[in-house]
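Colleague: The listed protein sequences correspond, in order, to chains A and B. Those letters in the first sequence? Residues 1 to 486, by my numbering. Those letters in the second sequence? Residues 487 to 972, by my numbering.
Rather than coming from a laboratory, the hints here were simulated on the basis of the structure. The structure presented is a predicted model; accordingly, all values stated were derived computationally and were not measured. Don't take each hint at face value.
To be verified - Selected chain B positions facing chain A (in silico; Cβ < 7 Å): (1) Ser501; (2) Pro570; (3) Ala589; (4) Thr734; (5) Ala736.
As the list claims (entries may be wrong) - Below are the SDA-like pairs computed for lysine to any residue, each with C-alpha atoms no more than 20 Å apart in a straight line: (6) Lys93/A x Arg129/A; (7) Lys600/B x Asn49/A; (8) Lys249/A x Lys932/B; (9) Lys571/B x Ala347/A; (10) Lys932/B x Ala347/A; (11) Lys932/B x Ala439/A; (12) Lys446/A x Lys600/B; (13) Lys641/B x Lys93/A.
Note that beta-carbon positions come from the ideal geometry of N, C-alpha and C, so glycine has one too.
The lines below spell out each chain.
There are 2 protein chains.
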Amino acid sequence: MSLRTEFDPIFYPKSIAVIGASANPMKFGGGFLSALQQFGYKGKIYPVNPQGTEILGLKMYPNVKDIPDPVDLAYIMVPSHIVPKVLEDCLAKGIKGAQILTAGFRETGEEEGKKLEAEIVKIAQKGIRIVGPNCFGVYCPSSGLTLLPGYDFPKESGPVAFLSQSGGYAAEICNEARAWGIRFSKVISYGNACDLNETHYLEYLAEDPETKIIAAYMEGPRDGPRFFRLVQEISKTKPIVIWKGGLTKAGSRAVSSHTASLAGEEAIWNALFRQTAAIRVSDLEELIDTVVALTHLPKPEGREVGVVSGGGGISVAASDVCELAGLSVTHFSQEIQQQLKRILPSAGTGVRNPVDVGAPIVMPDIFQHSLEITSSAPNAHSIIATQAIFYLHVLSKTLGAFFPSPDDFIQTLLDIPVNVKKECNKPIVMVLPVGSPEAVMVDAEKTRREAMSHYLNHGIPAYPTLARAAKSIANVVEYYEKADGH
Amino acid sequence: MSLRTEFDPIFYPKSIAVIGASANPMKFGGGFLSALQQFGYKGKIYPVNPQGTEILGLKMYPNVKDIPDPVDLAYIMVPSHIVPKVLEDCLAKGIKGAQILTAGFRETGEEEGKKLEAEIVKIAQKGIRIVGPNCFGVYCPSSGLTLLPGYDFPKESGPVAFLSQSGGYAAEICNEARAWGIRFSKVISYGNACDLNETHYLEYLAEDPETKIIAAYMEGPRDGPRFFRLVQEISKTKPIVIWKGGLTKAGSRAVSSHTASLAGEEAIWNALFRQTAAIRVSDLEELIDTVVALTHLPKPEGREVGVVSGGGGISVAASDVCELAGLSVTHFSQEIQQQLKRILPSAGTGVRNPVDVGAPIVMPDIFQHSLEITSSAPNAHSIIATQAIFYLHVLSKTLGAFFPSPDDFIQTLLDIPVNVKKECNKPIVMVLPVGSPEAVMVDAEKTRREAMSHYLNHGIPAYPTLARAAKSIANVVEYYEKADGH
């Protein structure tokens with residue numbers, strides 16, 4: 001039996017028993033059942049709870065064994081000491097998969113929790129596979145599954161899979177996906193991984209035709225050597241982006257309280273990132289940034305980057321952050337510099353690279369020509385351009401009479417990188433700084449977020465800082481270098 | 487003559503000649519004149535331009551020498567090749583200080599620019615001091631001075647001085663100051679520093695009774711050895727926070743195009759930060775964060791931190807970022823853990839440190855007790871607490887009926903750290919994550935920014951990420967350790 005068939009009851013269940021269902025949405029069992037309904041799961045849902053006869057329009061069963069029809073998957077959210085009994089019932093009912101959302105097992109560090117977890121592992125071995133315990137479960141838009149807190153997660157599928165030992169981060173990435181234009185094939189919060197672990201999921205995702213990019217938040221693998229081999233093999237064809245939590249001493253102690261994992265030696269993780277094409281990221285932000293960049297950017301030809309921004313200080317900072325990220329900012333040829341000189345004012349600008357257009361926002365024709373000339377430079381393998389959209393809100397106040405229509409002006413500016421991208425076929429990444437985080441400036445933030453969406457919709461990653469833009473490009477370059485065996 | 491008296495014409499001028507004034511606000515000379523008026527400079531303003539007789543209600547003079555009254559300060563923004571002639575006129579008029587905003591001098595790297603700069607230095611030596619050239623000038627709210635683009639900068643003075651070789655960053659920090667509750671004594675954009683340089687400004691700020699904290703963006707000092715000695719001396723009593731731009735090779739090349747400075751060897755900068763109490767920051771964000779923390783936090787007793795947050799993954803990440811920032815997260819005593827166990831649900835939470843309250847947002851009484859118990863722990867020299875305010879906007883949609891009044895709920899949550907701070911007298915820093923950057927979620931961002939202001943108004947720094955909170959505390963600890971001679 002292939003993994004895809006074996007895992008069908010978990011990722012594509014035709015019917016689900018929700019054991020511990022409750023009418024109170026402040027309780028796990030209540031929130032989850034309503035989330036599943038609202039998200040639009042199309043299969044049969046059977047709430048199970050010894051108390052009550054009906055819930056949210058569904059007939060309630062006192063025990064899973066009372067359900068008259070076959071059931072593929074059980075969601076279990078009863079208190080931990082009852083879980084073994086419930087799991088035995090599921091096994092007896094012929095259910096093939098169980099997501100155990102309940103916490104209170106090995107991660108407590110206490111004897112009772114460890115004993116309970118050992119019990120459920122034994123039951124699993126008799127013929128039912130477990131996701132969890134101590135997790136938020138599986139989000140799989142194409143089968144209508146969602147995480148515990150996921151009533152309004154995006155309903156469309158996409159090419160990204162996210163494996164997470166943290167339920168919180170699994171939920172957070174689904175929430176943020178919308179803003180970043182990321183859509184998921186599967187998000188799997190797998191908690192303590194007492195039965196199914198990272199290696200099973202990874203193997204499954206390698207085969208999964210929906211999945212093109214795999215991202216993961218990991219605290220500690222259950223089967224390190226096999227995990228290492230799988231990453232080595234799979235990352236050659238599907239990019240794997242890993243955020244490893246708990247590399248410091250204090251982090252490693254927190255890992256043991258959270259998912260009872262062994263955080264592992266830093267040396268082993270360093271070896272993994274050296275010997276495989278997996279990309280290391282250091283937080284959820286960088287993970288999302290990197291997935292966005294991998295999704296949109298063509299393969300860069302090298303590490304040299306051309307930068308277009310406004311302000312001498314920003315040119316210095318851009319050079320520093322690019323170099324620190326592992327990219328390279330080298331001077332343009334005299335020819336390119338001459339072309340830039342012809343279009344830029346002579347004082348207060350810079351043509352060597354970074355191109356300093358002289359102000360945070362310039363007239364569209366200057367911006368367009370700067371971008372076109374920069375993208376034609378042979379030592380610009382990628383382009384980073386900044387646009388201080390928020391600054392227009394400041395300008396339009398000062399220069400009201402001279403600047404009557406900021407919206408049109410912004411739209412004209414936003415269209416330029418989209419058009420340049422079509423012509424040059426090089427990776428282009430935009431930087432849209434946030435500006436002052438005042439409550440009264442939140443309109444400027446709205447405009448900025450709309451600009452970010454505009455770029456993402458046109459296949460251009462857009463980040464709030466130069467550092468994030470540079471790191472994302474560097475991660476993409478690194479992936480292709482490693483996957484191509486450099 | 488003390489520096490304070492010598493610099494009076496520059497920081498507290500009774501009259502200003504604006505040479506190169508223009509009626510067009512899109513030009514430097516026009517924007518600046520109107521900014522100075524709008525900002526509310528109370529002294530006399532004399533616009534100077536051979537063309538025109540009146541501008542913005544002020545009589546125009548063809549030459550500075552035609553002004554009948556004495557003039558303290560000249561703002562010069564005529565094209566670079568005319569600057570020497572204009573500066574000679576100022577000298578002849580008896581003006582003691584000139585801010586030369588014009589670019590096109592030594593920073594161009596070309597012979598003509600270098601020659602022009604040498605000329606103005608010679609004129610300065612005859613008895614007029616120069617700020618700049620290639621700068622945005624001085625912002626000094628107590629005397630009504632503002633930067634080139636600063637018509638609406640905050641009008642109140644405060645304890646922070648910012649020295650900047652970048653005009654752009656000088657303007658940006660003034661714009662962001664409002665959001666962060668930072669108010670300035672002086673912001674000095676000094677560009678090429680051809681006459682007055684970092685050492686003069688530093689010495690002046692050391693004596694300035696308005697200035698309690700000195701922050702700086704520096705590309706390269708003009709007088710390195712003297713700068714080093716001054717930092718060593720002054721940082722013992724006034725914290726000095728320095729962002730050094732251009733430490734990488736590419737950054738150093740950009741520095742030479744920007745302000746014609748020598749970026750300097752990294753080894754020398756490392757020695758500076760090792761041998762003085764100056765705090766090194768790596769960008770404007772960290773500079774602002776650190777100034778905010780230095781402003782509000784009492785001296786921490788050590789590097790150990792107690793963390794209160796919601797989610798096991800966040801506990802792992804918090805441990806990692808604190809440790810990487812140079813702080814220490816150690817387990818609480820059994821006594822503290824027992825106290826926490828009594829108030830927290832038994833499953834899905836953590837009591838060792840970080841305290842995992844189990845969810846991004848919890849009921850106020852749980853949050854309050856967690857914070858009180860944590861702040862009583864002897865190994866919590868500082869406290870970091872997270873509040874995912876944005877998540878309430880998600881919750882209030884799901885749980886409408888159970889959660890009728892999110893505004894009251896938020897206010898109750900926001901008051902808790904303020905009250906705990908009053909009782910414990912330990913540094914408390916809040917983390918208010920941004921959540922999903924969707925345009926439609928901008929209301930949640932507004933609420934978050936209001937919460938940030940609330941905390942800042944009550945002397946509690948609030949940052950959007952754990953990493954920024956941890957680094958800010960670490961920088962404050964480091965300052966006191968170095969200033970106290972540890």
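Colleague: Holds or violated: lysine 932/B and alanine 347/A, Cα atoms, limit 20 Å.
Modeller: violated, 39 Å
Colleague: Verify the interface restraint on alanine 736/B: the C-beta must sit less than 7 Å from at least one C-beta of chain A.
Modeller: holds, 4 Å
Colleague: For the hint on serine 501/B, does the least C-beta distance to chain A fall short of 7 Å?
Modeller: With a minimum Cβ separation of about 25 Å from chain A (threshold 7 Å), the hint on serine 501/B is violated.
Colleague: Are lysine 249/A and lysine 932/B close enough, with their CA atoms no more than 20 Å apart?
Modeller: This hinted pair is violated, its Cα atoms lying about 37 Å apart.
Colleague: Does arginine 129/A sit within 20 Å of lysine 93/A, going by the straight-line distance between their CA atoms?
Modeller: holds, 14 Å
Colleague: If you draw a straight line from the CA of lysine 571/B to the CA of alanine 347/A, is it 20 Å or shorter?
Modeller: holds, 19 Å
Colleague: Hey, lysine 446/A versus lysine 600/B, does the alpha-carbon distance stay inside 20 Å?
Modeller: violated, 45 Å
Colleague: Mind checking the alpha carbons of lysine 600/B and asparagine 49/A for me, to see if they're no more than 20 Å apart?
Modeller: Measuring from Cα to Cα gives roughly 84 Å; hence the hint is violated.
Colleague: Less than 7 Å between beta-carbons is the criterion; does alanine 589/B satisfy it with respect to chain A?
Modeller: holds, 4 Å
Colleague: Close enough to count: is the Cβ of proline 570/B nearer than 7 Å to one in chain A?
Modeller: violated, 15 Å
Colleague: Is the interface hint for threonine 734/B satisfied, with its Cβ closer than 7 Å to some Cβ of chain A?
Modeller: holds, 4 Å
Colleague: Does alanine 439/A sit within 20 Å of lysine 932/B, going by the straight-line distance between their CA atoms?
Modeller: Holds: lysine 932/B and alanine 439/A sit about 5 Å apart, inside 20 Å.
Violated hints, listed in ascending order, are 1, 2, 7, 8, 10, 12, 13; each of the other numbered hints is respected by the structure.
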